[in-house]
Amino acid sequence: MAALGLDFTLPLRDFELTLALDVARTVALVGPSGAGKTSALRVVAGLAHLARGRVTLGDETWLDTERRVDLRPEERRVGLVFQEYALFPHLTVRANVAYGGRDRVDELLERFHISHLADQRPARLSGGERQRVALARALARDPAVLLLDEPLSALDAHTKLQVRGELSELLRDLGLPTLLVTHDYEDAAALADEVGVVVDGALRQLAPPAELVARPRDTFVASFTGANLLHGVARRAGDDLTEVRLREGEQLFSTDAGDGEVGVVVYPWEVSVARAHTVDSALNVLRGEVGSVVAIGNRVRVRIGPITAEVTAASAERLELARGGIAYATFKATGTRLVPL
Amino acid sequence: MRRAAAAVVVFLATFVALGFLAVPVLAIFTRVSPGRLVAQLGNPVVTDALAVSAKTTLAAQALVLAFGTPAAWMLASRRFRGRSLLVTLVELPLVLPPAVAGLGLLAAFGRTGLLHTSFPFTQTAVVLAVAFVASPLYVRAAIAAFEGVDENVVAASRTLGAGPVRTFFRVVLPLAAGGLGAGGALAFARGLGEFGATIMFAGSLRGVTQTLPLAVYAEFDVNFDVALAVSALLVLISAALLVTLKWLPSASTSRFRFATSS
Chain A
60 MAALGLDFTL
70 PLRDFELTLA
80 LDVARTVALV
90 GPSGAGKTSA
100 LRVVAGLAHL
110 ARGRVTLGDE
120 TWLDTERRVD
130 LRPEERRVGL
140 VFQEYALFPH
150 LTVRANVAYG
160 GRDRVDELLE
170 RFHISHLADQ
180 RPARLSGGER
190 QRVALARALA
200 RDPAVLLLDE
210 PLSALDAHTK
220 LQVRGELSEL
230 LRDLGLPTLL
240 VTHDYEDAAA
250 LADEVGVVVD
260 GALRQLAPPA
270 ELVARPRDTF
280 VASFTGANLL
290 HGVARRAGDD
300 LTEVRLREGE
310 QLFSTDAGDG
320 EVGVVVYPWE
330 VSVARAHTVD
340 SALNVLRGEV
350 GSVVAIGNRV
360 RVRIGPITAE
370 VTAASAERLE
380 LARGGIAYAT
390 FKATGTRLVP
400 L
Chain B
854 MRRAAAAVVV
864 FLATFVALGF
874 LAVPVLAIFT
884 RVSPGRLVAQ
894 LGNPVVTDAL
904 AVSAKTTLAA
914 QALVLAFGTP
924 AAWMLASRRF
934 RGRSLLVTLV
944 ELPLVLPPAV
954 AGLGLLAAFG
964 RTGLLHTSFP
974 FTQTAVVLAV
984 AFVASPLYVR
994 AAIAAFEGVD
1004 ENVVAASRTL
1014 GAGPVRTFFR
1024 VVLPLAAGGL
1034 GAGGALAFAR
1044 GLGEFGATIM
1054 FAGSLRGVTQ
1064 TLPLAVYAEF
1074 DVNFDVALAV
1084 SALLVLISAA
1094 LLVTLKWLPS
1104 ASTSRFRFAT
1114 SS
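Sequence order for the protein chains is A and B. Sequential numbering from 60 applies to the first sequence in this note's numbering. Sequential numbering from 854 applies to the second sequence in this note's numbering.
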């Protein structure tokens, strides 16, 4: 399978987005809205035009501004799934899918479990059904590259989790170079082999999701992946440890090296919560007032002073956590990352 | 007490307004018996005018659709400097006094005019006059209809392998059809009733340039019943067009808005 190669600068309203990456499997670009993610997809599809850049697929050149190559969208073999799906409202589901190519219509309707909807118009479909029609239509074209624009944002929370599972499986089965953009890190991590964090026009870090969590390059990447971020000043301590004095005054330890002003990154699921100060192997203990207790599915997010911890619903109940009480958040020095500011 | 008074004022104003609009139209049918009206329709003046009107309005309509549709698509789908100026230019004939439009056509297409043609006082002149005054209604509606087509749906068609032409005929045109139909019907109705520009630029020669509205004016002194019969015919055609427009299923979903009948 030929890989998609991107190297371009895209002028946006307030800044330029510079992207240079190769997409062999599934790459997700995440970042706040307005970061130019959708525009990047439009460039790959040939729907937006640039002053400088290259888009290649294997040894095919789709765009090369220096050589004045700029293939039209219909010549590029992309399957683009739009954020709101952009189905043809005047055509039935079958005709929508057949628009991309007539050869595999029945097979695709079958595969996406939409055969029973073949004669319906898009207006009658639910969000999840529309997405399946959009995917089937994009694949009917027999694309060499799949582009997904916020594939889950038009769905309600309940549908989203189910669709995310199906989509992840589909992308694995297809094995096509896939570029997807989303503002939701969790979706990106669930769907992609590699996640690129785009901020202010730059690709800050491109890495497998686990590595983004383990070794965030900077504080933005860390906070975007859902980590706690504290600020402090690092100083070398003995035993291969770094000691960090937080702005709030507390002292923490990390096994990462660091010096001077640093960001301290701690993931909520690495923080334990106790009602009393206990002594165990965890070096870091922060005492604080319980700020909020929010249930997310079977987990509970508890805010203790400056830090958010994630515990099971059962633990939260056992500890009788409630706003205003005092609790202790403990986490190990090995689970405490330091990133330069 | 004051609220009741206000309600009475609103009711009276509505009554006067609706009555004022309806009475002249109804009067055309009440002045002579329906039987006599129908009998007058066989008058050669009427049949000649009907033939001229049918021919010229249909020809003008064909021109308006053939040239207006691409122009509207261009104005709707591209953003360029001077675009709003062009749109205003397209709309200008809509507000121009018809006599001025007729004079303008003479100045442009007259024997001694800008383009030195021999069109004046021929059937071609009628077609041009009708097209001139009616096309803005169509082009305006068509621009709105094209602008109402979701850009992403058009883009989707392109990424699915359809070129611009195929995309236009398979996606853009069907999605804009309601608005185009509504605009076309309006332009047709306006063209059918065209009077001022036609009489200045084409004259009122029976069997050649005398359309139905011109026949009403010509017969006004000669045979008032014939004038009434032609008027009644025009009222019926106009009403039929308006009703079709309102019941046209997609017209209500397009961006071209009319007050709904329900």
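By construction, these hints were calculated from the structure, which means they are not laboratory data. Among the clues, some could well be false.
[What the hints assert, rightly or not] To give an idea of the interface, some chain A residues facing chain B are shown, with a C-beta separation under 10 angstroms as derived from the structure:
(1) Tyr158
(2) Ala203
(3) Gly350
(4) Ile355
[To be verified] Cβ pair distances, simulated, as ranges:
(5) B/Ala907 x A/Glu134: 20 to 28 angstroms
(6) B/Arg1019 x A/Pro267: 18 to 26 angstroms
(7) A/Asp178 x B/Leu967: 55 to 63 angstroms
[What the hints assert, rightly or not] If the Cβ cut is set under 10 angstroms, some of the chain B residues that face chain A in the computed set are:
(8) Arg932
(9) Ala1009
(10) Ser1010
(11) Pro1027
Each residue gets a CB set at the ideal place from its N, CA and C atoms; glycine is no exception.
So which hints don't hold here, by number, going up? 2, 3, 4, 5, 6, 8
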